[in-house]
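Engineer: Which chain is which? The protein sequence lines are A and B, in order.
In case it helps, the numbering used here puts the first sequence at residues 1 to 112.
In case it helps, the numbering used here puts the second sequence at residues 113 to 224.
Simulated from the structure, these hints should not be mistaken for lab results.
In this text, all values refer to a predicted model and were calculated from it rather than measured experimentally.
For glycine and all other residues, C-beta sits at the position ideal for the given N, C-alpha and C.
Mixed in with the good hints there might be a few duds.
Straight-line alpha carbon distances no greater than 25 Å define the calculated DSS-like cross-link-like pairs of lysine-lysine that follow [to be verified]:
#1 LYS181(B) <-> LYS211(B)
#2 LYS170(B) <-> LYS180(B)
#3 LYS161(B) <-> LYS57(A)
#4 LYS170(B) <-> LYS181(B)
#5 LYS57(A) <-> LYS211(B)
#6 LYS161(B) <-> LYS211(B)
Which chain B residues face chain A? A few, computed with CB under 7 Å, are given here [stated by the list, open to error]:
#7 GLY155
#8 LEU156
#9 LEU158
#10 LYS161
#11 LYS211
#12 PHE214
#13 ALA216
This is what each chain is made of:
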Amino acid sequence: DSGVTQTPKHLITATGQRVTLRCSPRSGDLSVYWYQQSLDQGLQFLIQYYNGEERAKGNILERFSAQQFPDLHSELNLSSLELGDSALYFCASSLGRQDTQYFGPGTRLTVL
Amino acid sequence: AQSVTQLGSHVSVSEGALVLLRCNYSSSVPPYLFWYVQYPNQGLQLLLKYTSAATLVKGINGFEAEFKKSETSFHLTKPSAHMSDAAEYFCAVSGGGFKTIFGAGTRLFVKA
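So that you can see chain A by itself, here it is in the shape it has in the complex:
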């Protein structure tokens, strides 16, 4: 158990819909990262927050947004969902900006 929690574990929704994925980092960790993992694209870095502020952006679509709240939990919002958005979404946390990342168990999103 990494100490990072993600909810929900599974999410099934339809194209065009909007969903919110939630992540609680390990106690004391200030950085939160979001990744998308799919069979065709592999592990893709989406975005990083550090102590509430956006610090790095990866291959995140404009339809996707994220934020980190004062209590350090984070949410990833995915809107106007397409079939291709079906993937595993991982959250990770670390103490600082470049420390070891601890990954949550992931949320499996299926868009029908």
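Given chain A, put chain B in place with the hints provided.
Structural biologist: Same frame as chain A, but now just chain B:
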């Protein structure tokens, strides 16, 4: 800027044989280097980490990796493969304020 290349998307070894997973990196600053493992339907977990101390780093489950600056490599090895080592392995690089970059992953198959 930084990048990481994992040579071989799939590696197959027999149980008891040497495991060698290759990782080459590029970094304009002294790097931090990581190996993560992902078992089916789970998040990534840290195997080992290099942070400019000893060049030979020992990790969990009998794995180790050697940092070779002249070759810009950080290959992962294990003397004797076990069936439970079958998983996907990711090399990652960070440092100098740059975001962590993950390699494409190498899937390890272990034959009985």
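Engineer: Checking each numbered hint in turn, tell me which of them this model violates, lowest number first.
Structural biologist: The structure conflicts with no hint, since it agrees with every one listed earlier.
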